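Chemist: Produce the entire structure from the sequences given, and follow the hints as far as they go.
These protein sequences, in sequence, are chains A and B. Residue numbering for the first sequence follows our numbering, starting at 8 and increasing by one per position. Residue numbering for the second sequence follows our numbering, starting at 8 and increasing by one per position.
If you are wondering where the hints come from, they were derived from the structure by calculation, not from laboratory data. It should be emphasised that the depicted structure is a prediction, and the values quoted were computed from it without experimental measurement. It is possible that part of the hints are untrue.
A pair holds if it fits inside one copy or across any two, identical chains being indistinguishable in the list.
[As the list claims (entries may be wrong)] Computed list of lysine to any residue pairs in SDA-like fashion (alpha-carbon distance at most 25 Å, straight line):
(1) Lys21 - Gly129
(2) Lys351 - Ala91
(3) Lys395 - Ala270
(4) Lys497 - Glu75
(5) Lys351 - Glu252
(6) Lys235 - Pro176
(7) Lys351 - Gly298
2 protein chains.
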Amino acid sequence: MLQITPEEGQKRVKTRSLAVLDLGSGTFRLVVYAYQPGRFFHLAEELREAVALGEGLATGRIAPEALERGRKALRAFADFLWAAPVDEVLTLATSAVRDAENGALILQEAEALGLAPKVLSGEEEARLGALAVANALPLGDALVVDQGGGSAQVSLLRGRRFAWGRAMPLGALRLTEGFLPSDPPAKQEVRALEREVERHLKALPLPPGLPLVGLGGNLRAVARLHQKRQGYPLDLLHGHYLPREAVEELYRDLMALSLRARAELPGLQPDRARTLPAALAFLRALLRRTGALGLWVSGVGIREGALFTRLLPPPHLLPDPRAFAVDNLFLRYPFAVEHRERVKALALALFEGLRPLHGYGEEERRLLLEAAHLHDIGMHLGYHEHHKHGAYLVLSEPLYGLTHREQALLALLVRYHRRGNPEPGGFRSLLARGDRKRLKRLAVLLRLAEMLERTRSGRVQGVRVELGEEVRLHLQAEADPWVERVEAEKQAGLFQEAFGLGLRLLWAPTSP
Amino acid sequence: MLQITPEEGQKRVKTRSLAVLDLGSGTFRLVVYAYQPGRFFHLAEELREAVALGEGLATGRIAPEALERGRKALRAFADFLWAAPVDEVLTLATSAVRDAENGALILQEAEALGLAPKVLSGEEEARLGALAVANALPLGDALVVDQGGGSAQVSLLRGRRFAWGRAMPLGALRLTEGFLPSDPPAKQEVRALEREVERHLKALPLPPGLPLVGLGGNLRAVARLHQKRQGYPLDLLHGHYLPREAVEELYRDLMALSLRARAELPGLQPDRARTLPAALAFLRALLRRTGALGLWVSGVGIREGALFTRLLPPPHLLPDPRAFAVDNLFLRYPFAVEHRERVKALALALFEGLRPLHGYGEEERRLLLEAAHLHDIGMHLGYHEHHKHGAYLVLSEPLYGLTHREQALLALLVRYHRRGNPEPGGFRSLLARGDRKRLKRLAVLLRLAEMLERTRSGRVQGVRVELGEEVRLHLQAEADPWVERVEAEKQAGLFQEAFGLGLRLLWAPTSP
Chain A
8 MLQITPEEGQ KRVKTRSLAV LDLGSGTFRL VVYAYQPGRF FHLAEELREA VALGEGLATG
68 RIAPEALERG RKALRAFADF LWAAPVDEVL TLATSAVRDA ENGALILQEA EALGLAPKVL
128 SGEEEARLGA LAVANALPLG DALVVDQGGG SAQVSLLRGR RFAWGRAMPL GALRLTEGFL
188 PSDPPAKQEV RALEREVERH LKALPLPPGL PLVGLGGNLR AVARLHQKRQ GYPLDLLHGH
248 YLPREAVEEL YRDLMALSLR ARAELPGLQP DRARTLPAAL AFLRALLRRT GALGLWVSGV
308 GIREGALFTR LLPPPHLLPD PRAFAVDNLF LRYPFAVEHR ERVKALALAL FEGLRPLHGY
368 GEEERRLLLE AAHLHDIGMH LGYHEHHKHG AYLVLSEPLY GLTHREQALL ALLVRYHRRG
428 NPEPGGFRSL LARGDRKRLK RLAVLLRLAE MLERTRSGRV QGVRVELGEE VRLHLQAEAD
488 PWVERVEAEK QAGLFQEAFG LGLRLLWAPT SP
Chain B
8 MLQITPEEGQ KRVKTRSLAV LDLGSGTFRL VVYAYQPGRF FHLAEELREA VALGEGLATG
68 RIAPEALERG RKALRAFADF LWAAPVDEVL TLATSAVRDA ENGALILQEA EALGLAPKVL
128 SGEEEARLGA LAVANALPLG DALVVDQGGG SAQVSLLRGR RFAWGRAMPL GALRLTEGFL
188 PSDPPAKQEV RALEREVERH LKALPLPPGL PLVGLGGNLR AVARLHQKRQ GYPLDLLHGH
248 YLPREAVEEL YRDLMALSLR ARAELPGLQP DRARTLPAAL AFLRALLRRT GALGLWVSGV
308 GIREGALFTR LLPPPHLLPD PRAFAVDNLF LRYPFAVEHR ERVKALALAL FEGLRPLHGY
368 GEEERRLLLE AAHLHDIGMH LGYHEHHKHG AYLVLSEPLY GLTHREQALL ALLVRYHRRG
428 NPEPGGFRSL LARGDRKRLK RLAVLLRLAE MLERTRSGRV QGVRVELGEE VRLHLQAEAD
488 PWVERVEAEK QAGLFQEAFG LGLRLLWAPT SP
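Modeler: This is the structure we're talking about:
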């Protein structure tokens with residue numbers, strides 16, 4: 008009998024912990040990652056303080072109250088790490104500390120607390136953000152834009168490598184302080200801000216036609232507003248696509264709102280309400296300047312970039328981000344690795360054998376194998392609804408390298424790997440032409456593979472597909488695999504629906 | 008740093024496996040439980056075959072095709088157990104095998120397959136169902152009614168003990184075959200069926216005024232229809248309350264439907280469509296006869312009863328089903344046991360110290376401690392949304408001894424244990440008067456306790472509550488617990504909302 012053995016598949020590799028203290032100009036964050044080099048990571052802790060350290064930056068000096076908030080947050084973080092130690096601490100300071108005349112006061116405090124702070128140059132900051140994007144989005148070439156509170160970094164990725172990056176004084180807090188004193192912002196104030204953004208962007212050698220990626224809490228806040236308006240079916244920001252028209256529409260609707268009215272917007276964190284107009288105007292100017300049709304939102308940034316420098320040897324790139332993400336999810340819910348491998352092999356044999364019928368290619372093959380990889384992770388949550396639990400888990404975190412459409416398809420395949428009629432349901436709006444059929448066909452293949460492993464014993468050693476008036480599956484086994492045959496036969500109706508042919512299962516005896 | 012260590016809290020007790028083959032008159036099932044005696048269990052496997060073995064029972068003999076379906080299912084089950092062995096197999100046959108002249112043919116097949124079948128007498132069958140109910144519903148005295156395919160058992164529970172039980176030939180399949188030949192059933196056919204049910208019920212010494220509990224797939228199917236109609240907010244059948252009017256309404260609306268129309272009803276399994284009228288008419292007659300205002304639906308029955316005979320020594324009763332269920336859930340997602348215990352202790356101290364303000368009693372105290380017990384189980388699914396994941400897990404399976412209202416409150420407390428404004432949301436329809444306030448207040452207490460353990464280090468050793476113009480919490484610690492104090496202070500607004508008073512946090516130094 009198969010039990011839930013959570014440690015199964017977890018190699019005996021020591022799990023390390025890394026704390027990253029990100030002393031941003033808007034927000035200070037302490038995050039703790041647990042990781043196994045090259046293999047696995049997850050976020051274990053996060054503390055967030057909206058210090059608005061960049062307050063006063065327009066004057067060149069951090070304001071005294073902002074300094075005090077920053078010191079207080081540092082003391083809290085140091086205190087946390089004292090009480091709950093980690094293997095390594097990286098303390099990274101960015102624009103406010105870098106640019107302000109009195110930024111050293113924050114560094115002194117951090118030093119005194121034993122936090123060994125490092126001030127990132129604009130280029131280093133850009134590099135870490137770009138590294139995170141290179142590992143987490145399926146883009147080889149891209150313009151990466153990270154708008155923080157004090158500065159905004161623009162970088163160019165070429166073939167997943169950092170080509171160049173520059174920090175500009177275009178952070179959302181700095182722009183708000185420098186250009187938008189009125190509440191709501193006056194039109195001429197917004198114009199002046201936009202001219203400033205354009206002036207800086209003009210100075211950059213921006214190659215045309217590249218996908219644009221946006222990082223940082225300010226742009227994520229815009230994306231969240233967009234999702235709320237749409238009734239977006241996924242609770243994931245990373246990988247969200249924000250089309251240019253949506254930004255124009257948000258700009259039209261929200262720029263004239265007062266701070267109070269903005270604070271009421273559903274889904275907006277209170278400290279983001281203040282900087283929303285500056286973020287929106289920046290984003291709109293960026294889209295206009297680059298001519299991009301939209302922006303890919305990244306949920307990862309310099310903190311994850313820092314993690315990747317520890318997780319992976321130089322150049323710190325995951326060989327295959329998508330494969331890593333799928334396996335990283337599996338490793339949270341490891342279950343029956345040998346069964347999983349057999350289901351994958353059977354699904355693949357069915358996919359290949361039925362190729363003349365479906366004509367699918369690499370995209371579908373990969374999705375099917377990923378679904379087979381993850382199909383049983385929901386077992387950790389309970390047997391009865393494990394297909395539904397598995398789908399919930401697949402959608403519970405960003406999967407690097409998969410689009411939201413692909414992630415939804417993956418969740419649906421897991422959802423339908425044992426029962427139910429495969430239908431897109433609430434995810435229809437994410438899907439593309441042909442996906443309904445694609446879902447049905449791939450779900451049938453996965454389900455057949457699962458039923459051929461119904462006893463999870465490996466006694467069906469392989470399957471040969473014979474095409475004809477009907478489809479015959481010859482199950483290679485030493486003795487008649489009765490349960491597998493009976494259970495797979497129950498899928499004949501769905502198979503007929505998906506492929507338009509009858510299905511027959513036969514035992515093909517193998518020698519012991 | 009705290010990592011997810013899935014094996015934490017799992018004592019090194021051998022997990023055993025028990026297969027129960029339930030050869031029912033409507034359905035054959037193979038279930039496999041994994042369990043640790045006295046401590047823990049979960050369902051690990053289930054195969055279901057709608058054999059309708061009781062077909063022909065009205066003639067006194069199982070029909071040849073039904074026999075063949077039964078044999079085939081037995082072979083599949085035996086084959087499964089051969090390929091995936093378990094520690095123990097219990098094969099239990101009920102009405103169809105017990106009552107039919109040729110029932111022995113099924114037993115012979117089972118014997119030949121090495122399944123060592125046992126025919127349960129009507130009383131034994133009743134006893135196992137009643138045992139499951141005694142462990143899984145918060146009722147001391149109850150009438151327990153288990154309608155199978157061939158027979159229906161009525162038992163009396165007194166102080167959770169089986170007082171008496173009897174099997175009657177009132178199974179849904181038998182009634183359908185014997186009384187409802189027409190499609191849709193004719194009125195006079197239904198009358199005759201009802202007279203038969205009444206005749207049998209009259210012969211029983213039914214004490215008035217007892218809660219009524221319904222078991223078995225046929226009654227669960229009725230409950231599912233009721234939930235679908237209501238748009239019930241939980242995906243749980245066990246513990247559902249089916250009021251008498253709802254049964255009358257379903258009877259009115261569905262009795263005249265044809266088999267085909269019934270098969271289209273959302274949420275009804277195909278094989279239940281056939282027996283639905285008999286199940287509905289039986290249930291309605293039962294409610295009328297007993298005068299009960301409704302029926303508690305049980306998701307557990309003789310298979311769980313059999314499990315309890317292995318999980319627990321005689322009399323096989325869980326000392327505290329509710330405590331067992333909550334801990335059983337925790338043990339699926341064990342996380343930071345020491346932290347959990349400290350949060351419970353802190354929550355309890357806050358609850359007791361604030362008693363003059365809230366005036367709550369045992370019910371609320373228990374719920375708060377259960378929420379503290381489970382608050383972090385969602386960490387297994389990811390840090391960022393672990394409060395939401397935890398709520399999902401709390402609602403993912405029946406929790407014995409909790410009503411659906413209590414289970415929803417528990418999920419909401421877990422949901423709001425770290426952020427968000429505690430509101431009932433979609434669960435409003437399940438809640439009682441005062442629950443909105445109750446939720447808010449208990450959520451604040453839990454959240455404060457969690458924040459006082461923000462570093463999960465135990466350095467806040469205790470808390471003393473001082474009531475006055477404002478509420479002061481004195482945190483007992485050797486050094487100033489900065490993070491805990493700062494994080495708890497952030498809850499002052501919510502505290503004010505919940506209790507109408509300000510909140511101050513102070514360090515009360517203790518000697519090292």
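Chemist: Of the numbered hints stated previously, which ones are contradicted by the structure, given in increasing order?
Modeler: Checked against the structure, the hints that fail are numbers 1, 5, 6, 7, while the rest are satisfied.
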